[in-house]
Amino acid sequence: MIDLSVNLCGKRLQNPLVLASGILGTDADILKRVADFKIGAVTSKSCGLLPRKGHENPTVVAWEHGLINGVGLTNPGVEKEVEELLKLRKLLKNSSCKIIASFFAGSIDEFPKVAQKLAKAKPDFFEVNISCPNTMDDCGTPFACKTDNTYKITKIVKEVARQFKIPLIIKLSPNVTNIVNIGKAASEAGADAITAINTVLGMIIDLESARPIMTNKIAGLSGPAIKPISLRCVYQLAEQLKIPIIGLGGVTSGSDAIEMIMAGATAVGIGSATYYRGIEAFDLITQEMQAWLEKHNIKSLDEIRGKAHAN
Amino acid sequence: MQTSLPKAVTVNQVIVENFKTKSFVCNEKLDAQPGQFIMVWLPGVSEKPLSITDNDPLTFTVSEIGKFTKAINSTVKPGDKIWYRGPLGNGVFKVVPGKKVLVSGGCGCVPIHFLAKNIDKENCKIVIGAKTEKELLFIDRFKDFKTIIMTDDGSKGEKGFTTDALQKIIKTEKITCVYGCGPEIMLKKIADLCDLHQVKYQLSLEAFMKCGIGVCGSCSKNGQLVCRDGPVFSKWP
Numbered sequence: 000m001i002d003l004s005v006n007l008c009g010k011r012l013q014n015p016l017v018l019a020s021g022i023l024g025t026d027a028d029i030l031k032r033v034a035d036f037k038i039g040a041v042t043s044k045s046c047g048l049l050p051r052k053g054h055e056n057p058t059v060v061a062w063e064h065g066l067i068n069g070v071g072l073t074n075p076g077v078e079k080e081v082e083e084l085l086k087l088r089k090l091l092k093n094s095s096c097k098i099i100a101s102f103f104a105g106s107i108d109e110f111p112k113v114a115q116k117l118a119k120a121k122p123d124f125f126e127v128n129i130s131c132p133n134t135m136d137d138c139g140t141p142f143a144c145k146t147d148n149t150y151k152i153t154k155i156v157k158e159v160a161r162q163f164k165i166p167l168i169i170k171l172s173p174n175v176t177n178i179v180n181i182g183k184a185a186s187e188a189g190a191d192a193i194t195a196i197n198t199v200l201g202m203i204i205d206l207e208s209a210r211p212i213m214t215n216k217i218a219g220l221s222g223p224a225i226k227p228i229s230l231r232c233v234y235q236l237a238e239q240l241k242i243p244i245i246g247l248g249g250v251t252s253g254s255d256a257i258e259m260i261m262a263g264a265t266a267v268g269i270g271s272a273t274y275y276r277g278i279e280a281f282d283l284i285t286q287e288m289q290a291w292l293e294k295h296n297i298k299s300l301d302e303i304r305g306k307a308h309a310n
Numbered sequence: 000m001q002t003s004l005p006k007a008v009t010v011n012q013v014i015v016e017n018f019k020t021k022s023f024v025c026n027e028k029l030d031a032q033p034g035q036f037i038m039v040w041l042p043g044v045s046e047k048p049l050s051i052t053d054n055d056p057l058t059f060t061v062s063e064i065g066k067f068t069k070a071i072n073s074t075v076k077p078g079d080k081i082w083y084r085g086p087l088g089n090g091v092f093k094v095v096p097g098k099k100v101l102v103s104g105g106c107g108c109v110p111i112h113f114l115a116k117n118i119d120k121e122n123c124k125i126v127i128g129a130k131t132e133k134e135l136l137f138i139d140r141f142k143d144f145k146t147i148i149m150t151d152d153g154s155k156g157e158k159g160f161t162t163d164a165l166q167k168i169i170k171t172e173k174i175t176c177v178y179g180c181g182p183e184i185m186l187k188k189i190a191d192l193c194d195l196h197q198v199k200y201q202l203s204l205e206a207f208m209k210c211g212i213g214v215c216g217s218c219s220k221n222g223q224l225v226c227r228d229g230p231v232f233s234k235w236p
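From first to last, the protein sequence lines stand for chains A and B.
Count the first sequence with numbering that gives the first Met the number 0 and you get residues 0 to 310, in order.
Count the second sequence with numbering that gives the first Met the number 0 and you get residues 0 to 236, in order.
Next comes chain A alone, as it looks inside the complex:
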């Protein structure tokens, strides 16, 4: 067995795979079930200051080349989320799997408030979701679409993160003209890592009813269709940034995960793959990575990380 562990912001992930936020992250029990696949980390579903119902169904469907979701940041509020994460911490007391606590806020000033409360759950990492594409009606354009907003949010959340010694990950949107500029703003403001990417804006229409299927009409694409987009974003970010990247978007197999690492990712997010391959996707992808590395006589992921840049 090849050692697949990676170092993310000074913390050891036993495996490069990370459960993406918004997938199966609703409660401690289901997060524990995912963590039991011995992956690097699980990310909870983003929480906000107050409970939020999200959009009416349909909110998630599988189309021909991926999923589309417009859940709309459904969450029980940060207070309840802290309870769930503390329960998860107990459930994972004999596990090496790390906990990434994801959160969002409705305004720039609200971000540190949520962070301050969420810190009570003692997560291993914070992931700031500044890039949800499904709440424009009430939250406006995602903060991650502007460099100045990204900079400001990262800067004020970093103060909280520093106080509690929690590494800070900023999750970026692909729905921007230049993702590298946004990534640089996050990095300059003190981000310890980047997750790239959130879902890609899209729409699907039902012919018989002649209306968009998602209640929110416009929603976020994920799954196989977006893998070339996420690879491109990770590649561009890795070229310019010194901080590590969690590469996320469309990875469903071991070879997809290796591609992401070759693009420069330190860790690899897994989300929609659980639809295509079940919750066992984590085991299958790990086994496929092992097999590929063995076949190519590669001893460590460091040997291939960012290799696509050299060739």
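To be clear, the hints were calculated from the coordinates, so they are not data collected in a lab.
Check the hints yourself; a few may be wrong.
[Unchecked claim] Derived pair list, reagent style DSS-like, types lysine-lysine, alpha-carbon separation capped at 27 Å:
id : chain 1 : residue 1 : chain 2 : residue 2
1  : B       : Lys21     : B       : Lys155
2  : A       : Lys216    : B       : Lys69
3  : B       : Lys69     : A       : Lys89
Because the structure is a prediction, the values reported are computed rather than measured.
Dock chain B against chain A, hints included.
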């Protein structure tokens, strides 16, 4: 690649089942197994998980409990279109040999009906329960079976819970499997009774759902996904 997109289907017939419940018979067959469910979409209103009453032709039954169910029952007429995704769910009712008891509480008789159509009548008893006579469902549909009716207030059949009737049967007869669908409190009681008497069980659980396809986590019950691992469980989650 595997998809889960809403598909339009025409409703051929609407059957009034009781004062708040209607069944919608569609114009096509669905290749589904007892216990599976569909996500029914009424465009502009919502999309919710509903049990399958019958698969040939596809029939589903709606009891009015909120905005969505009221909208379906008050607007969908024969000739109208309705949309659905499915069949969904990997945990399905599996017919086993031997004596069986099917227990239905309230609207639980919907998947129980689909199961009963696929089961040998001779080796099977059905316990149907509801709060009052008014809420009872599908009595006529089960007339070829040995049925026991239970109501909380005794307005029809015996007064008491379905689990009271089940307990009597389990204590006096050799039962190989109990099948159940209904309120969670009833299902938990069935599981406990079965565990106590070492009888196998298959129970169809209900949950709030968003995706219906095992990715959002909304329907997690102690880490088990009702939509994908269930909705039928042979071990209490």
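Results for each hint:
1. B:Lys21 / B:Lys155: holds, 21 Å
2. A:Lys216 / B:Lys69: Judged against 27 Å, a Cα distance of about 24 Å means the pair holds.
3. B:Lys69 / A:Lys89: violated, 43 Å
Going down the numbered hints, you'll see the structure goes against just number 3.
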